[in-house]
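Student: The residues making up each chain are set out below.
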Amino acid sequence: MLDLTYESPAPRVIAGATGDWELVIGLEVHAQVATAAKLFSGASTKFGAEPNSNVAFVDAGMPGMLPVINEGCIAQAVRTGLGLKAEINLRSAFDRKNYFYPDLPQGYQISQLYHPIVGEGEVIVDMAPGVARLVRIERIHLEQDAGKSIHDMDPAMSFVDLNRTGVALMEIVSRPDIRGPEEAAAYVLKLRQILRYLGTCDGNMQNGNLRADVNVSVCRPGDYEKYQETQDFSHLGTRCEIKNMNSMRFIQLAIDHEARRQIAILEDGGSVVQETRLYDPDKNETRSMRSKEEAHDYRYFPCPDLLPLEIDQAWVDDIAARLPELPDEKKARFVKDFGLSEYDASVLTAEAENAVYFEEVAQGRDGKLAANWVINELFGRLKKDDCAITESPVSPAQLGGIVGLISSGDISGKIAKDLFEIVYTEGGDPVEIVEKRGMKQVTDTGAIEAAVDEVIAANPAQVEKAKANPKLAGWFVGQVMKATGGKANPAAVNQIVAAKLGL
Amino acid sequence: MTDLTKLTISAARDALRKGETTAAELTEACLTAIEGAGALNAFVHHTPEIARAQAAAADTRIKAGDAPDMCGIPLGIKDLFCTKGVPSQAASRILEGFKPEYESTVTTRLFEAGSVMLGKLNMDEFAMGSSNETSTYGDAVNPWKIDAPLTPGGSSGGSAAAVAADLCLAATGTDTGGSIRQPAAFTGITGLKPTYGRVSRWGIVAFASSLDQAGPMTKDVRDAAIMLGAMAGHDPLDSTSADIPVPDFEAMLTGDIRGKKIGIPREYRMDGMPDEIESLWTQGQEMLRDAGAEMVDISLPHTKYALPAYYVIAPAEASSNLARYDGVRFGHRAKLAAGDGITEMYEKTRAEGFGAEVQRRVMVGTYVLSAGFYDAYYNRARKVRALIKRDFDEVFAKGVDAILTPATPSAAFALGQKFDDPVQMYLNDVFTVTVNLAGLPGIAVPTGVDKQGLPLGLQLIGRPWEEGDLLNTAYSLERAAQFVAKPGKWW
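Same order as they appear, the protein sequences are chains A and B. Quick note on our numbering: the first sequence kicks off at 89 and runs consecutively. Quick note on our numbering: the second sequence kicks off at 5 and runs consecutively.
Hints were generated in silico from the structure; no laboratory data involved. Treat the hints with caution; some may be incorrect.
As the list claims (entries may be wrong) - Derived Cβ-Cβ restraints for the label pairs, each shown as a range:
#, chain 1, residue 1, chain 2, residue 2, range
1, B, Ile346, A, Asn372, 26 to 34 Å
2, A, Gln316, B, Phe377, 33 to 41 Å
3, A, Glu210, B, Ile346, 53 to 61 Å
4, A, Gly296, B, Ala390, 38 to 46 Å
5, A, Gly296, B, Ile346, 47 to 55 Å
6, A, Asp400, B, Glu298, 38 to 46 Å
7, B, Ala341, A, Arg410, 55 to 63 Å
8, A, Arg410, B, Ile346, 23 to 31 Å
9, B, Asp275, A, Ser237, 54 to 62 Å
10, A, Arg410, B, Lys67, 53 to 61 Å
11, A, Ser141, B, Ile346, 22 to 30 Å
12, B, Ala341, A, Ile238, 20 to 28 Å
What the hints assert, rightly or not - EDC-like cross-link-like pairs, simulated, lysine to aspartate or glutamate; straight-line CA separation at most 20 Å:
#, chain 1, residue 1, chain 2, residue 2
13, B, Lys455, B, Asp279
14, A, Lys524, A, Glu537
15, B, Lys393, B, Glu348
16, A, Lys185, B, Glu116
17, B, Lys88, B, Glu116
18, B, Lys352, A, Asp191
None of these values were measured; they are calculated from a predicted model. Where is the CB? At the ideal position from N, CA and C, for every residue including glycine.
Okay, chain B solo, but in the shape it has when bound (with noise of 0.2 Å):
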């Protein structure tokens, strides 16, 4: 077989069980690709070893005849994934050498399924970024390319570069405010951020414990389907996961959306967005209508406070999250200065381990939880939290199967343009934020292109734990755009 990194996990699947490849062929080829898209950025921890020693494995229970779907798959692994005996960075200066004791609950699961791991993926660092501009590796880069290099999006900048580029089958991604879905929409690939509770997050390096949630990051709906079956399920370590079965989720995928309501959220259509993203909205609703699904117009009042919100309560809980960064028992510790007692270590290690954007991060989570900022800040961030989940409830109750909306304001944009202005930067997750504060599960999918070829994306957002029915949305939508279009290689 020829481009066998180009193939989707189901086609893999398929033809893996008929012995057309093997995990092993399959594994080589993606090494190879990884060996010659240096330039991308995407792959930071090279792991060859691990990756044949996994694809040998495979390749033998796939020849017993029992394997399940994704065995055999080469999968790129963020670097927020801790990973036993393989440097998980979080991409920051500060866990430098660390190389985990442990293997977290989503990798156990899909290496326990077979999967292949090739090495460690680019990131924003401790998924602070909209961009993957605040990596201690530097930049990834966007496949996609105009003129100059472009941003693959952040924080899982790496793991969409390298699906998008076929450096990999898929890719594992982690989705805080919209880490998930804006690199998956600005690099043309599949992104779903599960419901909070669906996917452990233990092992997983904790940026915003409230609001981060793992998810797979794919080229197309049905391996989103097929890789969360693998990576969901309840996990006895992580106190917040929930005890509740995960279903077939490919089963679901019927493309049968006659009747589904889909609601249309007024609140989304922001002042200033490009005309393009306006009728990219407008043709997916066609799409879904002609599908047989009802557009309803909805409202959902307190979206304009989500962004606000967001920056508060993500602040609060990382700055305490990544506390124990403190040079004293792994990572970075910087050089001390005779007299130089415990707080000039933490000072200088932290000033020195930390990039700028985790630093403004620490500080605004510091302020906000602050004696006489507190009720200010947190409290209130808080109950807007519970009205924007509430906004959603009413919804639901509404009848409403699914939300759609844009998933960015923007296609991506080139590198540096933004990293100035933070403000700018936090603006491109306008319409994902809402999502991770109502813990529920959306997902962006490939609908079309701009004026410049750029992908774009549409976001669905589900009902809790029915990720089932929201695959299946998308489904449909993706079979309506097919969406085909792949980025020159100039790497």
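Same shape as in the complex, but just chain A (with noise of 0.2 Å):
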């Protein structure tokens, strides 16, 4: 099914006064559940509702108010290991992580830290065509999210927003080995997409519903292979953690900064400190969030109002039966099936929705032509009005018409564009446009020969320079595709016409 070889890219290196140094990251990626309730209460989840309006009882943290697992959560997490091929644990528990904030009403989260729901996995992160890095998953759990505290809504109160509070977070945690800030942003991106494909997460960063924690460390050319033969930490370097990253962008530029961070520090001698850090993308720096003293304990212990969870093997299969296809056996699949380059087979999977079109449009036809139709016609004009795909004015058995037009001669590539533009702006069926309104092109060599039988007659003096320069043969042509409204076959015209002058 799969069949994709490719090699490892090169960590990125900085250039340090006693030499070389090299990144080494681990992300922790918290992923918003897809459902329509919270983790353990009915309440919605819907972004962008009036505060505190989507806020049940056990999500107020409301005296003897217990909690109830949502199913549809946990079918979500095993639809995301099984995308991650990871293993499933069909049994594990949750914890309780106990601190104090006035946007965690319990007083504690409820999360799953020593037995999570997904085991070890992997994701394929795609660099360059031919050059991907591996990335092993550790695990990924279940946990709530917390609500949301607003200070800047009075000089003297803050304001708190519950309605996000409970919601269920997938957190997924993947192994040190992402070896710079591009494959770092890459990851996550694969990681949006694979969740995005699978319907677990939609992925929108920007209300906060996929968010990253990246844990960067710093070591020596060398020592990370050491680390990859023993599994031991201690070839590695300290590592900091960066909370709540929330842009590709600022991914990478705090990666960026907080590598060469550590690398002035141990340069001068001095040690890196383990500890939680912030991005501040207004200075692109990082800043320490709490000194050690204000380290949180937090007294984790297993929640004694959820028993364990134990899921059916049988349950697990028929979520796995019923797995989408995913974007590299798709890739693949692109490729193998329809012709393509891996890096147009990138670009029409990268959105599933985008795939689903192309796949239409290329049923039957040349999967190239509909490949290059897609990418460059449809893409660049629905960029160009700002429109999404789901929406675009021209459906995929509209284009597929088009392109079919075009594969069987009916119409230039040129007449093709006009074409596309109608059935954008005014839509109808192509073919009965094409017929309607005589865009088909002439392959009848009668028609043509006659054409060019008349501006030959009509040119002699032409006809005998062309007959010394052959090159002018082509004012000759332009003259015929001009007599026939742009609709005879260019290629036949050529042909007929230095048959003709005899070049």
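Reconstruct the complex from the two isolated chains, following the hints.
Tutor: In structure tokens, the structure reads:
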């Protein structure tokens, strides 16, 4: 099924005063589970509701209220695990992570520290055609999101919105297999792509539905290979965790800055302190979030309100049987079945909707031609109008019709562009439009021959010149095209002109 | 009828069905009794309007002829239960003014069965205590009296006092380490802690979630059977509630215990146990033997570790469960000084809102869960808990049907006597905590009186989910013991 061979990319190297340094990066991605209701309550997860309107009693931490697991969230976590080729733990358990904050009404977050629902998996992160990084997933666990504290609405008061409180998150924890800022961003992008394919997270980073904590450390060339051989972390440098990143660009900037900060400390003879840091995009720097004295002791312990979660293998198998085709497989299939380049296949599979659209266009037609039209004409035109593919004025059937007309030689590429614009702005069936507006390419050699004869007869002087200089044959072609209103098949015209002029 | 308040649930049910009295009459009699019993400080919130409306509705149902057993029965509700629109404070200042927008599953079921709520009952703050002295409402007082006022026990002290003093026909209680059984024993009533998961915890203010279980506090064993039937059953809102059928417990009260094996655990014979307790226990064994049961010496070897394990696990869970009382959304919030931030708000609110015992347990619980101490305390306590449960499993696997132990190490003690010595206070739970740690059903049955005439109780511990069988053994013990003593009315 999956047949992609690739090479690993080179790690990012930063030259320091005392020699080269390499980066080692691991990510904890928090993905909001796409479900209608929260992890432990029936309250809605809809974004943008009136503050504190999507709040059940249990979300607000009211006395005596108890959490009840939402089966839909469990199914989504399992689906995600299967999509990342990970091990599904049939028995998992929930723990309480205790800390005080006004947007955490219970005084604890229910999470899965000791027994996560999903174990080890992997993600292939494409960096260039034939070059990809295999990033191992350590685990995925389910946990509750916190609410939102708003400190800038009033000089003396803080406000709390509990709409997000208790919404299910999947925390997807990678191994430290990422070796540069671009890889980190590409990893998040790939993860986002897979989650969107699976329908388990909408991936909306602006709304905070996908955000990442980034662990960064630096080491000397060769150290990472020792770690890989032994899985002994002591070969790697001390890491810092940059919290809550929700932009690909900032992830890269923050990693780069943090690596340089650590290198500067190490080259000055200092040592890196393991801590949590925040990235400030305005100053492009990371800052320590809290000192060691203020470090939280979360006092994790098994949540006594919830029994261990046990799921059936049959239930997991049923979810597995209904998994959609995932990006890697789809891409490989597009390359194989439609003869696309890896690049074109990547572009077309980046979003599931694009791939669906393309396949409908390409079905039973010239795949490469279909890909060109989708990528160049359609995407270009949609981008110009800032229009999503799901709202495209040209349906896959319509674009397929245009591609079909080109393949059959009924219209030229040039006419096809005019036709596309007509369909885009006015709608209609391309075949009918071509018929009605007489846009069909003339391939009837008899008609073309007559037109050529006419032009030759009318321009004896040009005929002489062309015989002396064959390059001038093009002038005749142009005249014939003009005479036929652009509908003559240019290849046929070329051929006939040359023959008639005896070139 | 005279002395309506003295009726048992079963007697009242029969009288109601025969038309000898009405729910309205019963309710008025109880409301009058409550009015006159301020000195007991058992009822801390009175709900006469609700009671009268419920009684009227109950009378209509009874007349229609299809009323459930609990229909028209006036009850007291422990303040730990959230009751919609009625103060539900867990006897804590931190929940001052809190009126829930929801009704606990247990009270919902009782009300659906037609029961009448007279008001909310005193208790130890957040159910933490064995004497009802940690309440923000002040001490509840035992209707049994010698010279000094006595504790009714705790934490369900108000429930026990109210039932023993005939202020209501029965009351709800909750039991985390003995909070139903110890006060029942101290006041000469019957108290049943069901199997963990038998009764929904939804809407009951949490103390220690893996141990908390609600149960009936009644005038006799039959009433416990009837009331448990109305309280129990699967609740999809409580993930720890068991989806197993609720039998007709009352129908199982045959009194026939011939051939039953009753385990007598040697580890419950504690050093320094009063002779009176020892002889009560022996008498209990004789009564059951006379009824045809076989006494079997058994060993529950990890018993001595139960109390320490309990006082690690319960505070650990409590420290987390009580984190929500932060002054942000409901209940008490401290007045803040200029410049105070969120940390000051938490600190001042919780310092003002929680009493000393609650603060002690929150601190103990926080400590035992802390990095560096977790394995030494919390994890070790969990292992002990598993061993205690295994002790019971092994005994039951050998064919033991129930286990007989004393309910408490002494009769009711004077208010104030142990208040300043938490360890002495915690020792009250020595016979009861094992049952919570193992999730088993346990029942305290009044069996005798001490030299001073104060009630003493024995505890029967049953197999999980076999409350019916346990109640039948308790019923047999009750019939043999013929405990009829009542406190003289002094209040």
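Student: Mind listing which of the numbered hints don't hold for this structure, in increasing order?
Tutor: Violated hints (numbers, rising): 3, 5, 8, 14, 15 and 16; every other hint is consistent with the structure.
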